[in-house]
Amino acid sequence: MRSSELPLISDAEASVLATYFGRRALLGTGCVAAGVLTMPLSALAQAAPGASGDAEITVDQARTAPIPIVIPVLGGDAGQLVSSVISGDLGNCGLFSPINGALPVGVPDFGTYKSLGARALVSGTATTGGGGLRVEFRLWDVLTGQQIQGTAYTAGAGDARKIAHIIADVIYERLLGEKGYFNSRIAYIARSGPRAHQITRLAIMDQDGANSHYLSGGQWLTLTPRFSPVSEQLAFMSYANNRPRVYVLNLATGRQQLLGDFDGISFAPRFAPDGRTVVMSVTRGGGSDIYTVDLASRAKRQLTSSGAIDTSPCYSPDGSQIVFNSDRGGTPQLYIMSAGGGGAKRISYGNGTYGSPVWSPRGDLIAFTRIANGSFSLGVMAPDGTGERILTQGFTVDTPTFCPNGRVLAFCRQTAAGSGGAGFSSSIGTIDITGFHERSIPAVGMSSDPAWSPLNG
Amino acid sequence: MRLKLLGALGMAVFLAACSDDTNKGATTGTGAAAQTTGVTPGSEADLVANVGDRVFFELNKNNLSSEAQATLDRQAAWLAKYPQVTVQLAGNCDDRGTEEYNIALGERRANAARDYLVAKGVAASRITTISYGKDRPTATGDDEEAWAQNRNSITSVR
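Residue numbers (full-length UniProt numbering), protein chains in the order written: chain A, 1 to 457; chain B, 1 to 158.
Since the hints were made in silico from the structure, they are not lab data. Don't take every hint at face value.
[Stated by the list, open to error] Stretch by stretch, here's where chain B covers chain A in the computed footprint (C-beta under 8 angstroms, at least three residues):
| id | region |
| --- | --- |
| 1 | 263-270 |
| 2 | 369-378 |
| 3 | 396-404 |
Keep in mind the model is a prediction, meaning the values are calculated, not measured. Glycine included, C-beta positions come from ideal geometry on N, C-alpha and C.
So that you can see chain B by itself, here it is in the shape it has in the complex (with noise of 0.2 angstroms):
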């Protein structure tokens, strides 16, 4: 009974960590825009949990849903909020592809992505781009649902 209750505790602490903004780095985050407490307003974390830090692509494509609109806009407007913020758009692509073009590819996402947040008036400056192709896998199995979670731009905080 002690040891459950000690595990139970142990949980908590551990959770309340994760929502710390040290958890930098996140890998898996969401389009999702509930409000997400306790992370540093301006940061990574906060990107992630409260704005959507990737968009989404179709196969062999760059351009922008409209799902994938709002987030930019979402981000757009969180970037407003922070100025002071600058990001990378790493372009990502699926592994259907040959390792070169896939190279070019997923510079073309990060672009498109790039283009979007400058037109809704976010300063070119405070943007730079990178494609990782197809080795910097976010999900790492290789079925319809792991590639279209790979074909993404992600927006992180420099």
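Excised from the complex, chain A in its bound form (with noise of 0.2 angstroms):
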């Protein structure tokens, strides 16, 4: 793929969008607002009153109006596709409020735009041929009558869908000033056949649930599958040959190995930052430790050994802490130590039990799952255990994963079953770390344990 910048009508620029597009911090939460945006005379975002619950969990659910953009049929055989992609990607991100409208010939009338109270506006053409696709994208500010941007995509014919996500992306960072997530994907659990048993396959998809596919085969219990940060590779559980061990794919080749030689269970792993090694948990008596595993040398390391239940460990995005999950206290709770293991200290502190945590790549907050009078929990704190908000509940809500912007937490829901059973879902969600914007990701059948990637390449 390549990209080369198209010659500007009007050679605006970002300085021009400073001027309209501001950031702020969300209330009270001190995290960074990924794509929170109010024009300066626009009212203050309202808040909304917190969801009802214990009361010590404050929902922040500062509400944003979504950005009317203009997202027109572009011109080109593949024009519908283009445009339907981005359109989608914009929309259920819930930031963007795409609207139709025709697509402009040259310099567009903003004065036609500007009455359907659009603030930008999309036009290009998309074009296969010679095996290839060819994708001419310009972004007006239609208060302005500027052109932020224009880029033309080469690439290969199938690539339609990338090239429509890295405009998504190219659009949601000139307007909002911060990277976007489309041009990812999510692996996930693929789930089938009866409950009792249920058939879990490895699979992958974009992150709008396009282009789905298996990874493995259904042989073996599969569980957790998790991206490295760095490199094409997954690291996740298997029951294969009936011994539930951690074992690392490479994307790129196929190539599966097992990873480190334990005799307890090996699972729950995560890369470091740096992709070079994966911390993860291992059994040993009634209790499990976390370990280090180095990708390189498979040299071994004990950050544990307390005895109780040490699990789901994930590193702080600069590597130097371990956010997981024990019952060295008598419950499971969530308790942050150094990256060398040592120093650990308990940062959950709410009603009932909390778990799964992850570490947002922004450093700021940690999503968890806590369980409370039978009913599970998706919410975020700050990594001192301050300023903890309940985002989502549900029968199950658990494995939270961030986007790459940390901007949206995907993560499995599912439902109680009747006898038999019947009535027991699993499936996919998304959520604003506002708490705001949760659907679910269709396409893809029963499914669980999402881990979202790093941006494509």
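Each of the two chains sits in its own frame; use the hints to bring them together as a complex.
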């Protein structure tokens, strides 16, 4: 794939945007509000009242109006597909409100788009030919009438969706000042068959649910895929040969390797931010210890030996700390320790038990599963344990995973089964870290264990 | 009338087949100790029918109740009687915990049962443990009764 700047009709640049589009912090959380956009003169975000529930939870429901953006059907034979993917990405993320409009010829008549209430406009063509694809894309600021971006992409004929995701990321970044996350994938576990003995397959799809395909057969129970942050590798747990262990799969070569030689069950893998080691949990007696395994040397290092269950380790994005789940204090709670082990400090103090912690790629939040009164919640808190907010609840919501810019979580949602397992469902949902824009990823069947990739290359 | 008779005969044949030792991999064993005849001594079916193949746990717990200990006592005696038999203890959880914590919790339960059997004289080398977390529920519903059934350690002949 190649991209080149299109000659600009009017030479507007990002400084223009700064006049119109600002960033602000979310109320009271200290987290950077990726993509929260307000006009300087627009009203402050309307804070909706917090959801009912435990008193200590403050649900930040900062609501912002989505940006109206005209996304016409682009010209060319692939225009319809490219437009629909861009529109789907921007609309589904909840921060944009795609509106239909005519594709402009030449310099757009901005008066028309203003009257639609639009703030930005996309124009361009997407044409296949000679085995390739060429997409010309322009982004316009409707208020100033200036071109914000103009880029031509050439790629393989089958790359229309990928180019569309890249364009959606460009739009997101130019209008919001934050990198997008649309050109990314989600690894997950595809489930089928009766609940008592479900067939589980490693699978992968684009973040919008397209291009889903299996990466493994269903012979063995397979769980918890996790992406390397820097390479085309997945760590996951497989019960191959009835020996549940952590494996690493190279997505480019298809080569799969056992990672670490342990007597106990190895599980709950996560890559370090540099991708060179994998941290995981290994059972010993009635507990489980946290280890790292170096991918190159296979050297093992034991980080905990509490005798309790220490599991679900996840690095901070700077690699200096690890958040994990432990019942060393009697019930499963969240702890943070140094990446070398030691200095563990409990950070979860709400009602109930906690698990499945995952550190935001921004570093400012830890997402988790909380279980209280027989019900599951998904929430976020600061790494020091303050500012806990519950984002969503359900019979089961678990295995949160952050999108590359930390703005959205994907997670597994399961419903309760009646007798015989009827009524049980397992699907992958997404939700904004503000607690808004919850949706489920369509087009894949029974599924669980989502793991968001870094941005695709 | 003839059809009914054939149906009854068919049922009798079916029942006989069920009690045959080919009926391995039973998934709904009990702790019942009533002697069932017609199974091969020392087999999985013998374990399920005459010994009790599983013990149950409280929510988030791995301690063995007196009932669980009685079942494991019978398993230890049975294993002493059939010294060639090796077993796998599979720990399971209800679905009221996180996926990863439950893998560890299931192993903790299997390990509790294993330790008890070893204390009762079963050679550790005859026992392997595994945990399926919450991914192999025996009871597929979601109520207290189903969850209680799913918090277990299941012994099977390897």
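A quick look at each hint next to the structure:
For the region 263-270 of chain A, the proposed coverage by chain B is satisfied: 4 residues have a C-beta within less than 8 angstroms of a C-beta in that chain, meeting the threshold of three. Check on the region 369-378 of chain A: 3 of its residues sit with their Cβ under 8 angstroms from a Cβ of chain B, so the three-residue criterion for coverage holds. For the region 396-404 of chain A, the proposed coverage by chain B is satisfied: 3 residues have a C-beta within less than 8 angstroms of a C-beta in that chain, meeting the threshold of three.
The structure shown violates none of the earlier numbered hints.
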